[in-house]
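Peer 1: From first to last, the protein sequence lines are chains Z and X.
The first sequence begins at 1 in our numbering and counts up by one.
The second sequence begins at 1 in our numbering and counts up by one.
Quick caveat, the hints were computed from the structure, so don't treat them as lab data.
Keep in mind that a hint or two might mislead.
Claimed, not checked - Straight-line Cα separation of at most 30 Å, DSS-like style, residue types lysine-lysine; simulated pairs: (1) Z/Lys74 / X/Lys77; (2) X/Lys169 / X/Lys77; (3) X/Lys41 / Z/Lys415; (4) Z/Lys74 / X/Lys46; (5) Z/Lys569 / Z/Lys46.
What the hints assert, rightly or not - What follows is a set of in silico ranges between Cβ atoms, one per label pair, in the way DEER data are often shown: (6) Z/Gly225 / X/Phe275: 31 to 37 Å; (7) X/Ser279 / Z/Glu452: 27 to 33 Å; (8) X/Arg220 / Z/Lys74: 31 to 37 Å; (9) Z/Thr32 / X/Phe298: 31 to 37 Å; (10) Z/Asp73 / X/Ile54: 51 to 57 Å; (11) X/Phe275 / Z/Asp40: 45 to 51 Å; (12) X/Arg220 / Z/Gly313: 54 to 60 Å; (13) X/Ser279 / Z/Ala150: 31 to 37 Å; (14) X/Ser279 / Z/Lys74: 29 to 35 Å; (15) X/Gly33 / Z/Gly225: 43 to 49 Å; (16) X/Phe275 / Z/Asn29: 51 to 57 Å; (17) Z/Ala392 / X/Ser279: 22 to 28 Å.
As the structure is a prediction and not an experimental result, all values here were calculated from the model.
Note that CB positions come from ideal geometry on N, CA and C, so glycine has one too.
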Amino acid sequence: MLTDADFDKSQAVADDVVLTVDNLSIDFNLRTHVLHAARDVSFELKRGKTLCLVGESGSGKSVTARTLLRIIDKNGAITSGRIILRGDRTETDIVKLDERSRELLSIRGGRIGLIFQEPMSSLSPVHTIGSQIVEALRLHQAMDKRQARAATIELLRQVEIPNPETQIDRYTFEFSGGMRQRAMIAMSLACNPDILIADEPTTALDVTTQAEILDLIKRLQVSRGMAMLLITHDMGVVAEVADEVAVMRYGRIVEQGSVDEIFHDARHPYTQRLLASTVRLEQNPRAFTRPAEAAPAESQPVISVRNLSKFYGGGGKLFGGKSYAVRAVDDVSLDLQPGENLGIVGESGSGKTTLGRLILRTVEPTSGTITYNDRERRAVDVTGLSKHDLRAYHRDVRLVFQDPFASLNPRMTVKEVIGDPLFVAGLAKGAALERRVGELMELVGLDPQSMERYPHAFSGGQRQRIGIARALALDPRVVIADEATAALDVSIRAQILDLLLDIQKRMSLSFIFISHDISVVRYFCDRVVVMHRGKVVETGSAEQICTAPQEAYTQSLISAVPNPDPRNKRMLHRTRFTAEATP
Amino acid sequence: MTHVYAQGDGAAETGPAITPIKRTRGHETAVAGPWTLIWLKFIRHKVALVAGCIILVMILIGTFAEFLAPALPEASKPQFTYAPPQELLFFVTDPDGSSRFMPHVTGYKQEVDKASLRRIFTIDETKVVPIGFLVKGPKYKLWGLFAMDVHLIGPLKSSDTMYLLGTDKLGRDLLSRLIYGTRISMSIGLIGVTISLCLGVILGSISGFYGGWVDLAIQRLIEVISSMPTIPLWLGLAAAVPLTWSPLQVYFVITLIVSLFGWTGLAREVRGRFFALRSEDFVTAARLDGSTERRLIFRHILPSLTSHILAVVTLALPTMIVAETALSFLGIGLKAPVVSWGVLLQEALNVRTIATAPWLLVWPAGAVVLTVLAYNFLGDGLRDAADPYES
Numbered sequence: 001m002l003t004d005a006d007f008d009k010s011q012a013v014a015d016d017v018v019l020t021v022d023n024l025s026i027d028f029n030l031r032t033h034v035l036h037a038a039r040d041v042s043f044e045l046k047r048g049k050t051l052c053l054v055g056e057s058g059s060g061k062s063v064t065a066r067t068l069l070r071i072i073d074k075n076g077a078i079t080s081g082r083i084i085l086r087g088d089r090t091e092t093d094i095v096k097l098d099e100r101s102r103e104l105l106s107i108r109g110g111r112i113g114l115i116f117q118e119p120m121s122s123l124s125p126v127h128t129i130g131s132q133i134v135e136a137l138r139l140h141q142a143m144d145k146r147q148a149r150a151a152t153i154e155l156l157r158q159v160e161i162p163n164p165e166t167q168i169d170r171y172t173f174e175f176s177g178g179m180r181q182r183a184m185i186a187m188s189l190a191c192n193p194d195i196l197i198a199d200e201p202t203t204a205l206d207v208t209t210q211a212e213i214l215d216l217i218k219r220l221q222v223s224r225g226m227a228m229l230l231i232t233h234d235m236g237v238v239a240e241v242a243d244e245v246a247v248m249r250y251g252r253i254v255e256q257g258s259v260d261e262i263f264h265d266a267r268h269p270y271t272q273r274l275l276a277s278t279v280r281l282e283q284n285p286r287a288f289t290r291p292a293e294a295a296p297a298e299s300q301p302v303i304s305v306r307n308l309s310k311f312y313g314g315g316g317k318l319f320g321g322k323s324y325a326v327r328a329v330d331d332v333s334l335d336l337q338p339g340e341n342l343g344i345v346g347e348s349g350s351g352k353t354t355l356g357r358l359i360l361r362t363v364e365p366t367s368g369t370i371t372y373n374d375r376e377r378r379a380v381d382v383t384g385l386s387k388h389d390l391r392a393y394h395r396d397v398r399l400v401f402q403d404p405f406a407s408l409n410p411r412m413t414v415k416e417v418i419g420d421p422l423f424v425a426g427l428a429k430g431a432a433l434e435r436r437v438g439e440l441m442e443l444v445g446l447d448p449q450s451m452e453r454y455p456h457a458f459s460g461g462q463r464q465r466i467g468i469a470r471a472l473a474l475d476p477r478v479v480i481a482d483e484a485t486a487a488l489d490v491s492i493r494a495q496i497l498d499l500l501l502d503i504q505k506r507m508s509l510s511f512i513f514i515s516h517d518i519s520v521v522r523y524f525c526d527r528v529v530v531m532h533r534g535k536v537v538e539t540g541s542a543e544q545i546c547t548a549p550q551e552a553y554t555q556s557l558i559s560a561v562p563n564p565d566p567r568n569k570r571m572l573h574r575t576r577f578t579a580e581a582t583p
Numbered sequence: 001m002t003h004v005y006a007q008g009d010g011a012a013e014t015g016p017a018i019t020p021i022k023r024t025r026g027h028e029t030a031v032a033g034p035w036t037l038i039w040l041k042f043i044r045h046k047v048a049l050v051a052g053c054i055i056l057v058m059i060l061i062g063t064f065a066e067f068l069a070p071a072l073p074e075a076s077k078p079q080f081t082y083a084p085p086q087e088l089l090f091f092v093t094d095p096d097g098s099s100r101f102m103p104h105v106t107g108y109k110q111e112v113d114k115a116s117l118r119r120i121f122t123i124d125e126t127k128v129v130p131i132g133f134l135v136k137g138p139k140y141k142l143w144g145l146f147a148m149d150v151h152l153i154g155p156l157k158s159s160d161t162m163y164l165l166g167t168d169k170l171g172r173d174l175l176s177r178l179i180y181g182t183r184i185s186m187s188i189g190l191i192g193v194t195i196s197l198c199l200g201v202i203l204g205s206i207s208g209f210y211g212g213w214v215d216l217a218i219q220r221l222i223e224v225i226s227s228m229p230t231i232p233l234w235l236g237l238a239a240a241v242p243l244t245w246s247p248l249q250v251y252f253v254i255t256l257i258v259s260l261f262g263w264t265g266l267a268r269e270v271r272g273r274f275f276a277l278r279s280e281d282f283v284t285a286a287r288l289d290g291s292t293e294r295r296l297i298f299r300h301i302l303p304s305l306t307s308h309i310l311a312v313v314t315l316a317l318p319t320m321i322v323a324e325t326a327l328s329f330l331g332i333g334l335k336a337p338v339v340s341w342g343v344l345l346q347e348a349l350n351v352r353t354i355a356t357a358p359w360l361l362v363w364p365a366g367a368v369v370l371t372v373l374a375y376n377f378l379g380d381g382l383r384d385a386a387d388p389y390e391s
């Protein structure tokens with residue numbers, strides 16, 4: 001219980017503070033050690049204000065937020081600190097509440113709402129959207145069925161789901177990712193919470209959807225006067241929506257202040273580094289190192305793709321069904337010049353990954369041609385290659401994967417992983433193989449001493465370096481990087497991109513860089529191809545696409561990218577693009 | 001909110017704050033191979049560890065059956081039919097009241113019940129049969145090769161008898177028969193599973209790797225086989241074994257019959273894993289590295305499967321043992337003079353026997369239950385440890 005003295009003191013706290021976290025520490029009991037997931041974390045949430053908890057993976061930001069609702073894993077425990085929730089003349093210390101007490105249950109969902117990252121797994125697939133919200137209303141607000149249903153429709157309207165009267169009876173799998181997240185928001189708002197916790201609410205969404213969702217959350221928050229705790233790793237999102245920012249690292253808040261102070265007057269070196277690696281991605285280093293005439297038009301392209309298409313399904317008229325085909329890649333043509341970095345940008349489902357796989361022919365194209373000009377300047381028709389000749393092509397055109405965990409065989413040492421292509425091609429064996437692997441590891445900035453280790457001993461960024469070393473082992477001419485930096489933290493992302501650029505200076509390489517992240521493409525690429533629903537929408541230099549896009553879709557895409565500068569919020573006055581119905 | 005920040009450069013902190021509980025083995029796990037990781041994960045599963053020890057003991061008993069058994073399995077003494085178990089005692093009390101160490105069993109006093117014409121045994125405290133370890137006893141050939149006569153335990157005088165678990169209707173020592181039965185029952189499981197394993201892994205790999213119509217054909221075959229009711233089919237096949245065949249031939253045929261139906265589950269498991277692994281990034285990477293399909297299968301996919309296969313095999317073993325026991329119990333499996341747990345249980349078929357000599361049911365059945373449970377726990381532990389890379 002709080003003493004009177006405490007109460008008097010807290011009366012002095014400004015009225016708009018709804019939640020105070022005071023020196024909160026959380027420990028996790030792991031098998032071999034105790035992990036101090038949060039250490040002396042303190043912050044305040046104010047009515048109508050947004051606090052962004054920002055940090056890289058493993059910084060303890062999610063654990064801290066979940067502790068506010070006391071939903072931490074069994075092996076975790078609060079070791080010290082207080083979480084004071086303020087209501088009308090009442091104060092509750094959430095830390096002291098019993099795990100199963102009625103009071104805690106009424107706080108969860110009743111006074112504090114929570115939005116998760118993954119809208120698919122946080123909504124039940126076997127209940128309709130409506131019934132899940134109705135349940136929350138009936139539990140917390142003691143409404144009868146009719147009232148609850150009416151209230152649910154109203155909520156769905158507020159989160160801007162079109163036709164809420166019919167959508168209420170739909171199931172989650174009938175909704176797109178953005179719609180699901182809207183439904184999730186409606187659910188967390190059902191009981192008029194004072195505080196909304198959003199744990200990476202837009203990480204799983206496309207950039208344009210992200211802009212819409214953030215926009216919606218922000219408007220709802222202002223109109224309802226809620227306090228919001230937004231957890232994110234994206235400094236751009238922080239700049240767009242935050243009022244106050246707390247930067248977390250290794251369980252500690254290293255710096256907190258107003259959004260302007262953090263972005264323009266960062267004091268802690270970690271914050272400065274974090275901002276630097278974010279802002280750096282806003283420029284294109286290649287624009288300075290390599291003038292535009294570096295790619296002369298008369299030079300022969302390494303790879304040229306003509307009218308490439310891949311349809312899934314369709315033609316299945318056997319049972320008299322409709323011939324319905326998904327056009328994953330639809331009539332795409334592009335050229336890759338020697339030494340050029342070509343970016344392929346698009347949202348999920350735009351066909352960019354399929355295009356990469358088609359160029360490698362791990363997926364067979366439906367129609368179109370791919371021509372590869374080999375080292376002797378002979379034109380090779382990739383689409384007609386036999387299995388045997390394809391192997392030679394795969395030596396010159398290599399792939400770097402998105403997931404640094406799944407792409408390395410966990411049962412092979414790093415030496416075996418990097419050396420495998422060399423060994424298979426019969427290029428090196430024994431001591432020579434070991435020497436070459438050592439060179440490659442040095443090239444990607446890894447210690448050759450660690451080549452006997454297994455991949456599980458490396459961090460995500462280091463693993464991605466191993467993957468890059470494997471791709472470079474055969475001295476390729478083209479490297480296709482499929483979302484190669486998407487799974488990495490922002491500071492590591494910049495390091496990997498710099499590594500690739502550095503390697504490119506030493507070896508004559510071209511990159512095809514597939515990404516959904518426009519800032520990464522802008523940093524890395526000379527030319528950019530924008531894809532939308534399998535089609536190429538626009539092609540141009542990276543600078544032109546990012547600063548002066550011509551097509552409506554590109555404009556909406558670029559303007560939806562959060563700008564990591566709170567003084568220049570780009571997202572709020574973005575251009576919108578409503579795609580015409582697919583033909 | 002006021003602008004606050006931690007003083008000093010946090011660069012000194014290179015990782016999350018931890019307090020070690022145990023001696024950390026960071027470097028060791030970094031270079032530890034997959035099998036080391038599986039072992040580290042497995043030994044955390046204490047029940048499985050105990051189960052593994054039990055299995056190991058069982059296998060050792062089976063291996064050194066001749067040495068461990070106090071008597072030969074066929075040696076019968078008509079005067080000791082249905083003799084109850086004797087208790088192994090370590091101290092004797094001399095007439096002067098002092099006790100000294102001497103392992104022994106007490107003898108029987110027997111009288112014949114005139115009404116039922118049955119022998120009734122009662123323990124006779126005064127008759128002491130001294131017992132020794134590593135004593136000379138009946139001659140045998142270890143593994144049919146080395147002529148020996150040393151037994152781990154037995155009566156010091158070869159004319160004495162010792163029945164620690166009692167005897168059967170012909171006056172044969174149940175303990176000895178149980179030990180010999182362990183050899184047959186354990187080996188029939190191991191051999192049967194080996195055959196199943198070869199069939200299952202080969203067909204499962206082909207099915208999972210190539211997919212398409214090959215997969216379709218193999219899967220339909222599996223479905224046909226697993227849809228057959230097993231007991232009648234076993235009965236039919238076992239009945240077809242000619243009576244003139246030697247017990248050893250029958251033994252191998254029964255093993256084959258049992259394993260022919262055991263491979264289907266294994267093949268499905270392997271196929272499923274192949275499907276999952278085939279689309280893994282690291283397999284695609286190996287393909288793009290130029291690996292041939294053989295290398296893909298043997299260098300990349302199968303090593304990831306071995307631990308899973310091991311777990312599935314361990315779980316398949318008890319079904320083999322139970323199948324053999326069931327067949328022998330029904331009288332169509334192994335036949336005397338071969339001794340297996342099923343053959344032993346066959347003697348406990350009628351209620352009267354169980355009433356007079358319950359040990360004939362308890363010990364063989366107990367051995368089957370213990371082994372099956374131990375294999376199941378071991379298999380569970382292995383399955384949990386099989387993928388050390390899951391968090």
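Peer 1: Look at each hint and say if it fits the structure.
Peer 2: Against the structure, the hints come out as follows:
Distance restraint check for lysine 74 of chain Z and lysine 77 of chain X: the Cα-Cα separation of roughly 63 Å exceeds the 30 Å cut-off, and the hinted pair is therefore not satisfied. With a C-alpha separation of about 10 Å, the suggested pairing of lysine 169 of chain X with lysine 77 of chain X holds against the 30 Å cut-off. About 25 Å separates the Cα atoms of lysine 41 of chain X and lysine 415 of chain Z, which keeps this hinted pair within 30 Å; it holds. With a CA separation close to 21 Å, the supplied pair lysine 74 of chain Z and lysine 46 of chain X stays within the 30 Å bound.
Note on lysine 569 of chain Z and lysine 46 of chain Z: the hinted pairing holds, with a Cα-Cα distance of about 22 Å set against a maximum of 30 Å. Restraint check, glycine 225 of chain Z to phenylalanine 275 of chain X: a C-beta distance of roughly 53 Å breaks the suggested window 31 to 37 Å. Checked against the hint of 27 to 33 Å, the pair serine 279 of chain X and glutamate 452 of chain Z passes, with Cβ atoms roughly 29 Å apart. For the pair arginine 220 of chain X and lysine 74 of chain Z, the beta carbons lie near 46 Å from each other, so the given range of 31 to 37 Å is not met.
Checked against the hint of 31 to 37 Å, the pair threonine 32 of chain Z and phenylalanine 298 of chain X passes, with Cβ atoms roughly 35 Å apart. Evaluation of the 51 to 57 Å hint for aspartate 73 of chain Z and isoleucine 54 of chain X yields a failure: the beta carbon distance comes to about 34 Å. Look at phenylalanine 275 of chain X against aspartate 40 of chain Z: about 49 Å separates their beta carbons, and that is inside 45 to 51 Å. For arginine 220 of chain X and glycine 313 of chain Z, the Cβ-Cβ distance of about 26 Å falls outside the hinted range of 54 to 60 Å, so the restraint is violated.
Range check, serine 279 of chain X to alanine 150 of chain Z: about 47 Å between beta-carbon atoms, so the 31 to 37 Å window is missed. Roughly 34 Å separates the CB atoms of serine 279 of chain X and lysine 74 of chain Z, a value that falls within the hinted 29 to 35 Å. Checked against the given bound of 43 to 49 Å, the beta carbons of glycine 33 of chain X and glycine 225 of chain Z, roughly 58 Å apart, lie outside it. For phenylalanine 275 of chain X paired with asparagine 29 of chain Z, a C-beta distance near 37 Å fails the hint of 51 to 57 Å.
Hint check: alanine 392 of chain Z to serine 279 of chain X, Cβ distance near 25 Å, so the stated range 22 to 28 Å holds.
Checked against the numbered hints listed earlier, the structure breaks hints 1, 6, 8, 10, 12, 13, 15, 16; every other hint is satisfied.
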